[in-house]
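Participant: Protein sequences, first through last, are from chains A and B. Take the first sequence: its letter number 186 is residue 186 in the working numbering, and every next letter is one higher. Take the second sequence: its letter number 128 is residue 128 in the working numbering, and every next letter is one higher.
Just so you know, not all the hints are guaranteed correct.
Intra- or inter-copy, both count: the list cannot distinguish identical chains.
What the hints assert, rightly or not - Distance condition first, Cα-Cα at most 27 angstroms in a straight line; then the derived DSS-like pairs of lysine-lysine:
| hint | residue 1 | residue 2 |
| --- | --- | --- |
| 1 | Lys212 | Lys199 |
| 2 | Lys180 | Lys74 |
| 3 | Lys74 | Lys172 |
| 4 | Lys172 | Lys199 |
| 5 | Lys27 | Lys212 |
| 6 | Lys199 | Lys7 |
| 7 | Lys199 | Lys74 |
| 8 | Lys199 | Lys180 |
| 9 | Lys180 | Lys212 |
| 10 | Lys74 | Lys212 |
Quick caveat, the hints were computed from the structure, so don't treat them as lab data. Keep in mind it's a predicted model, so treat the numbers as computed, not measured.
Number of protein chains: 2
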Amino acid sequence: MEIKVLKDILSANDHIAESNHTLLRSKGVCTVNVMSSPGSGKTSLILETIRHLRQRVRIAVIEGDISSTIDAQKVSLENVPVLQINTGGECHLDASMVNRALGSLPLEEIDLLFIENVGNLVCPGEFKLGEDLKVVILSVPEGDDKVYKYPLLFSLADAVVINKIDLIPYSKFDVEGFTKAFRGINQSAETFEVSCATKEGIDRWASWLISKTSHPAP
Amino acid sequence: MEIKVLKDILSANDHIAESNHTLLRSKGVCTVNVMSSPGSGKTSLILETIRHLRQRVRIAVIEGDISSTIDAQKVSLENVPVLQINTGGECHLDASMVNRALGSLPLEEIDLLFIENVGNLVCPGEFKLGEDLKVVILSVPEGDDKVYKYPLLFSLADAVVINKIDLIPYSKFDVEGFTKAFRGINQSAETFEVSCATKEGIDRWASWLISKTSHPAP
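Just chain A, same shape as in the assembly (with noise of 0.2 angstroms):
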């Protein structure tokens, strides 16, 4: 019984989520889910990203969090659209909560929608939300062996952001041996090494992304 429930419950959702994806392509709105763990730096990494960008793509927030506005208060002093979204105690979002979001925002206006999950390296990955790209953070004091740990959401991933590598001088953490890990499970993502504190390697995450969406680098 539990498992058929799940099933329907995983069927429904890729539905909706089908739907999502066929209207944000409609409107040229390229959808990145954002994964990691709390305090990864999902919300830094979009802060970061729309400081780099925001002359060049119109960029739109939808927060996910299972309480607080925390979040979304911050994207919105970058004046871009923001909607936050309260899971009330789900550990993540799913297809039919941005269903909803995606009824306020101007998707006319929008190149580049993130959404930023519950942080959790584990549930989301089970659920599509209509999404081009999967973007997963690893923050360095996490440590290199996350890929062992936390396999699903590395495997779907079509990039991983190392962030707070200005942290590797304190903390153990072998990029290689990282990679090493992650190939074995995944070939074709893009790797990228940043800190959203010094800024260091935002330039190419960020030169990766709009190459993703309608407005490619010139």
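Based on the hints, put chain B in the right spot on chain A.
Facilitator: This is chain B only, laid out in the frame that chain A set:
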């Protein structure tokens, strides 16, 4: 239907958790459910606690991970009984997984049992395992705003350990701000500031823990 099934699952889980708890108490085992985001230092704290207390209490560990036996391997080097549970995708441990593990542990020879949950600041809060104490670890690089975003686990905690305090000089983490937010939802839990890297604060944490076992500090 979905809600009904979820209620049934949680109620069945609580029943098994209660049975685990009765068994563990009857053997004089103090059981600690250790929860946090991925990479906050659950295994590191358990390892440091074993090193600190091994002369005074008999410790065993149940390691919960979606996949891999990395953590169990680290713990086994300390020559304490350790069991790895691989959840195979599940985002949390549940009471029946722990129940099966208990059958393989020498309970008569254990004073303190750590159960390291899957790295997840959300879902483990819903599932009792039969523990005496819930300990939540928050690492400094995750940021001081996590209470607002992930309130359930912090509200249930018997103790919160702020780990990686050696990284405070390189991170924006306001201990006072965190504590104020935390006290807003939890007035009774103990709080500890530790660094498993420098060992700072481990002594006070270990003393508190030993006071909870049947072998109180002299």
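Participant: Since the copies are identical, ignore which copy is meant and state whether Lys180 and Lys212 lie within 27 angstroms (CA to CA) inside a copy, between copies, both or neither.
Facilitator: within (26 angstroms within a copy, 43 angstroms between copies)
Participant: Checking Lys212 and Lys199: alpha-carbon separation at most 27 angstroms within a copy, between copies, both or neither?
Facilitator: within (21 angstroms within a copy, 46 angstroms between copies)
Participant: Since the copies are identical, ignore which copy is meant and state whether Lys74 and Lys172 lie within 27 angstroms (CA to CA) inside a copy, between copies, both or neither.
Facilitator: Between copies only: 15 angstroms across, 31 angstroms inside.
Participant: Checking Lys27 and Lys212: alpha-carbon separation at most 27 angstroms within a copy, between copies, both or neither?
Facilitator: Within one copy only: 15 angstroms inside a chain, 60 angstroms across chains, cut-off 27 angstroms.
Participant: As a check of your reading, is Lys172 near Lys199 (CA-CA no more than 27 angstroms) within one copy, between copies, both or neither?
Facilitator: both (21 angstroms within a copy, 16 angstroms between copies)
Participant: Is it within, between, both or neither when you check Lys180 against Lys74 at 27 angstroms Cα-Cα?
Facilitator: between (35 angstroms within a copy, 21 angstroms between copies)
Participant: With identical chains, the pair Lys74 and Lys212 could be close in the same copy or across copies; at 27 angstroms between alpha carbons, which is it: within, between, both, or neither?
Facilitator: within (25 angstroms within a copy, 42 angstroms between copies)
Participant: Please sort Lys199 with Lys7 into within, between, both or neither, judging by C-alpha distance up to 27 angstroms.
Facilitator: neither (42 angstroms within a copy, 46 angstroms between copies)
Participant: Treating 27 angstroms as the Cα threshold, decide for Lys199 and Lys74: within, between, both or neither.
Facilitator: Within. Shortest intra-copy distance 18 angstroms satisfies the 27 angstroms Cα cut-off; inter-copy 35 angstroms does not.
Participant: Indicate which option fits the pair Lys199, Lys180 if close means a Cα-Cα distance not exceeding 27 angstroms: within, between, both or neither.
Facilitator: within (25 angstroms within a copy, 31 angstroms between copies)
Hint check: a violation occurs at hint 6 only; the rest are consistent with the structure.
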